[in-house]
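Model the full structure from these sequences, guided by the hints.
Residue numbers (my numbering), protein chains in the order written: chain X, 5 to 671; chain P, 7 to 254.
In short, the hints are calculated from the structure, not lab data.
Ideal Cβ placement from N, Cα and C applies to all residues, glycine included.
Wrong hints could be hidden among the right ones.
Said to hold, decoys possible - Calculated lysine-lysine pairs in the BS3-like style (CA-CA distance at most 30 Å, straight line):
#, chain 1, residue 1, chain 2, residue 2
1, P, K12, X, K416
2, P, K53, P, K98
3, X, K575, P, K53
4, X, K361, P, K8
5, X, K316, P, K98
6, P, K154, X, K397
7, X, K388, X, K375
8, X, K671, X, K649
9, P, K17, X, K575
10, X, K20, X, K36
11, X, K666, X, K537
What the hints assert, rightly or not - Partial list, computed: chain X residues near chain P (C-beta under 7 Å):
#, residue
12, N127
13, Q131
14, A178
15, I183
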Amino acid sequence: MGILDSKIPSGPLADKWTKHKNDINLVNPANKRNIDIIVVGTGLAGGAAAATLAELGYNVKTFCYQDSPRRAHSIAAQGGINAAKNYQGDGDSNYRLFYDTIKGGDYRSREANVYRLAEVSGNIIDQCVAQGVPFAREYGGMLDNRSFGGVLVSRTFYAKGQTGQQLLLGAYAAMNRQINRGKIQSFTRHEMMDLVLVDGKARGIIARNLVTGEIERHSGHAVVLATGGYGNVFFLSTNAMGSNVMAAWRAHRKGAFFANPCFTQIHPTCIPVSGDHQSKLTLMSESLRNDGRIWVPKKMEDAVAIREGKLKPTQIAEEDRDYYLERRYPAFGNLVPRDVASRAAKERCDAGFGVNKTGEAVYLDFASAIKRYGKEKALTSGIKNPDEATIIKLGEEVIEAKYGNLFQMYEKIVDQNPYKTPMMIYPAVHYTMGGLWVDYNLQTTIPGCYSAGEANFSDHGANRLGASALMQGLADGYFVLPYTIGDYLSDDIRTGKIPTDSAAFDEAEKQVRDRMEKLMSGTGIHSVDYYHKKLGKIMWNKCGMARNAKGLEEAIKEISALRKDFWENVKVPGTIDSKNQELEKAGRVADFLELGELFAKDALHRNESCGGHFREEYQTEEGEALRDDKNFKYVAAWEYAGEPKDAKLHKEDLVYENIELKTRSYK
Amino acid sequence: MKLYLKIWRQKDASSPGKIVDYTLDGVEGDMSFLEMLDILNEELVSKGEEPVEFDHDCREGICGTCSLQINGEPHGPDRLVTTCQLHMRKFKDGDTIVIEPFRAKAFPVIKDLIVDRSSFERIQQAGGFISVNTSGNTVDANAIPINKHDADEAMDAATCIGCGACVAACKNASAMLFTSAKVSQFALLPQGRIEAVERVQNMVRQMDLEGFGNCTNTGACEVECPKGISLTNIARMNREYLSATLKG
Chain X
5 MGILDSKIPS
15 GPLADKWTKH
25 KNDINLVNPA
35 NKRNIDIIVV
45 GTGLAGGAAA
55 ATLAELGYNV
65 KTFCYQDSPR
75 RAHSIAAQGG
85 INAAKNYQGD
95 GDSNYRLFYD
105 TIKGGDYRSR
115 EANVYRLAEV
125 SGNIIDQCVA
135 QGVPFAREYG
145 GMLDNRSFGG
155 VLVSRTFYAK
165 GQTGQQLLLG
175 AYAAMNRQIN
185 RGKIQSFTRH
195 EMMDLVLVDG
205 KARGIIARNL
215 VTGEIERHSG
225 HAVVLATGGY
235 GNVFFLSTNA
245 MGSNVMAAWR
255 AHRKGAFFAN
265 PCFTQIHPTC
275 IPVSGDHQSK
285 LTLMSESLRN
295 DGRIWVPKKM
305 EDAVAIREGK
315 LKPTQIAEED
325 RDYYLERRYP
335 AFGNLVPRDV
345 ASRAAKERCD
355 AGFGVNKTGE
365 AVYLDFASAI
375 KRYGKEKALT
385 SGIKNPDEAT
395 IIKLGEEVIE
405 AKYGNLFQMY
415 EKIVDQNPYK
425 TPMMIYPAVH
435 YTMGGLWVDY
445 NLQTTIPGCY
455 SAGEANFSDH
465 GANRLGASAL
475 MQGLADGYFV
485 LPYTIGDYLS
495 DDIRTGKIPT
505 DSAAFDEAEK
515 QVRDRMEKLM
525 SGTGIHSVDY
535 YHKKLGKIMW
545 NKCGMARNAK
555 GLEEAIKEIS
565 ALRKDFWENV
575 KVPGTIDSKN
585 QELEKAGRVA
595 DFLELGELFA
605 KDALHRNESC
615 GGHFREEYQT
625 EEGEALRDDK
635 NFKYVAAWEY
645 AGEPKDAKLH
655 KEDLVYENIE
665 LKTRSYK
Chain P
7 MKLYLKIWRQ
17 KDASSPGKIV
27 DYTLDGVEGD
37 MSFLEMLDIL
47 NEELVSKGEE
57 PVEFDHDCRE
67 GICGTCSLQI
77 NGEPHGPDRL
87 VTTCQLHMRK
97 FKDGDTIVIE
107 PFRAKAFPVI
117 KDLIVDRSSF
127 ERIQQAGGFI
137 SVNTSGNTVD
147 ANAIPINKHD
157 ADEAMDAATC
167 IGCGACVAAC
177 KNASAMLFTS
187 AKVSQFALLP
197 QGRIEAVERV
207 QNMVRQMDLE
217 GFGNCTNTGA
227 CEVECPKGIS
237 LTNIARMNRE
247 YLSATLKG
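Following this line, the structure appears as structure tokens:
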């Protein structure tokens, strides 16, 4: 197997996880009290892991840069969480969820991991309900479901358009219970600056108190990185402003392999960019594609007139609209997976049919859903022969109950009423499937360093299906890591507390201080944001929705030059030993400037198109992604070797024993 | 448009603060309030000055990180939005805007416009949870049917983002709306009834310890709440507290 041993248990697919749980070592309750675990990041994966590990008896320290664990960016997930409960009786099963996820990921994820995810999915819902998560319900008191892209069943559980918030508040509440018991020490407004290795094992972190600027040492027998994705390498994304890759990248530099960095999800339904001042992009949940129909004008002159403000979308007749997803993909229609929907939007806009002043927007239209629901509601309310106005009024009420908060958000940002005129949407960077390489136990290539949730690479292949991020974060945190980490820690019951006055901690702290001082010594005039925006432009133009070898080669050179300029010239005011938001940003952008280059290198080496990775050279005549299973059916795991361009490639071959590799078709 | 900004600057918790005047040109209506401050900061950094520090993160109105007292109102003049979702089209050319941190004894200033809201954390830690283990060994989710009306009401209470606008809006700096939202969410659900007595007592006790004021029913919190959390929750918490006291 070489260095990359995925440690997938033997036996039939459906029995692997149970067998593994029976085979691995346990730590007895009395010994758990002598073991310390550091959890960095308190979103769904980190929060869930911290709560469960503390509940099991370990001493847990959590770290987050936010002022409360509840503010981690999982909170912004809108649409829902998948689980193979088959409450709707529409033929769902663990196998189908597994199959949909592998297929949705364009056959670039591990069978065993994904099956385990499907297997524990139902339990997540049970758990969350027990915690008091207020999922949407039907009138009979049972849980309601909706449908998401890339699947043919309704398996998505939701809490209005705030599912991530409610699930995170559930994990946060579980954490609070353990904080109250003294089993979790929560460090807020703290940032992990580096990972500390003692004798080759992850034994602690160097953290910075963001309020006082103090550098702190924290030790543990294992370190869990649940620090989310790196979408902000694009500057503009749906991530929170503070979302960053620092913890994962620091671990990478210390020996953790970084897998598939080029697998990035561009979400099809976001509010379009309005100008250069834009600081972030806002997602409009995929759940809207249950009821919204996506279209652009059929005739070029209509598109031009709309862009010039001479025509309104509501004035365009039905036969003059091109519902291009329904046209190209009749089987899945508006609910094709995200990568497919995004590329289709780009294709129409590139062809000149975009509908806002920048030409980079398509319509998401609720008019027919409003009428459909209005008629239904009139019927169930006993209104006979309702007029058009009544139908629309009733229909709008139904839509408001389903998506009210999203519609309100749209109206506040765009200043248009989406009940009366179609929304304008365009794809934006949303999620990163790539991340730290982990084995079946979620351990990175550094012993004792684990990674969970979006921060790892494991379950979504080259494209993640909607409502699967929440599922994976909670599965990793509640149900996987607490078992697998015990196997590793069973060797540590006699180790005793890890001292923080060792040479390893001294050295790590010194490196952190030197790095910050170097960041403060720039002599130029430009701020951190200036460099971040420049990096974002390179990434979006050359490593975005469509990539080609020439552009990627340019990107590698440009990012490398930008990084050099940054380190020499970036201007960071203030001091190291006080609250300093510019310094915080500088540290994060410095790492993005390295990751971005590795991202481009990874995209350049993968001479195929799969999922979110679309190389223009590799496409079918119809413009669909052309995979190359013969040469690229592997996980690309990169080993740090100084400059990103020198990173060393390791391949983990993906073995498909239960699924036949096919060309994805949503037609 | 051109704006005249009066911004609270304070070096750290122990230093005195003061209002500093800035003039900012080139502001557009499509910018969010925080993007307007980004531009100001960009100017300050390029002049070698320290930028204005303010809390923010998701910039889509859900994380609850952003705050700011804008012309005397938490999250500014618009209704049902956080500062990050407040857009500059709500202002006009030549306006003077006063920007201060949220003010309350239990929210000490950390720097400039950033306040310490860890008092909210401690209220949640005192009882804002249901004591079930996260091992997953529980009953099937549909084994506990819940009346849709109750589930929806619990959800409405649960949408609180913990930003602290209710405290900043209240003349007594009371945290009743925040605390009652969590108490209500669990009180409305059968899973939460089991430890309802201890929960309300512990959370209210912590709330008082943190130095928040009492509720005198002015209703300002409900008006300023970016998530529209209803005053009904306070009434429910009072009822829960009273009945817990009688039982206890």
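Hint-by-hint comparison with the structure:
A threshold of 30 Å between alpha carbons decides the hint, and for K12 (chain P) with K416 (chain X) the separation of about 25 Å falls inside it, so the pair holds. Annotation: proposed proximity of K53 (chain P) to K98 (chain P) holds, straight-line Cα distance about 26 Å (limit 30 Å). Among the hinted pairs, K575 (chain X) with K53 (chain P) is consistent with the structure: their alpha-carbon atoms are about 10 Å apart, no more than 30 Å. Restraint check: the Cα-Cα separation between K361 (chain X) and K8 (chain P) comes to about 25 Å, which is no more than 30 Å; the hinted pair holds.
The straight-line distance between the Cα atoms of K316 (chain X) and K98 (chain P) is roughly 27 Å, inside the 30 Å bound, and the hint therefore holds. Between K154 (chain P) and K397 (chain X), the direct Cα distance comes to roughly 23 Å. Compliance with the 30 Å bound is thereby established for this hinted pair. For a cut-off of 30 Å, the pair hint linking K388 (chain X) to K375 (chain X) stands: about 15 Å separates their Cα positions. For the suggested pair K671 (chain X) and K649 (chain X), the alpha carbons sit about 39 Å apart, so the restraint of at most 30 Å is broken.
Between K17 (chain P) and K575 (chain X) the CA atoms are separated by roughly 20 Å; this keeps the pair inside 30 Å, and the hint holds. Among the hinted pairs, K20 (chain X) with K36 (chain X) is consistent with the structure: their alpha-carbon atoms are about 26 Å apart, no more than 30 Å. Between K666 (chain X) and K537 (chain X), the direct Cα distance comes to roughly 39 Å. Violation of the 30 Å bound is thereby established for this hinted pair. Against a cut-off of 7 Å between C-beta atoms, the interface hint on N127 (chain X) holds, since the closest Cβ of chain P lies about 4 Å away.
Among the interface hints, the one on Q131 (chain X) holds; its C-beta lies about 5 Å from the nearest C-beta in chain P, closer than the 7 Å criterion. The interface hint given for A178 (chain X) is met, as the beta carbon of that residue sits about 5 Å from the closest beta carbon of chain P, less than 7 Å. A least Cβ separation of about 5 Å between I183 (chain X) and chain P falls short of the 7 Å threshold, and the interface hint therefore holds.
The earlier numbered hints that this structure contradicts are 8 and 11.
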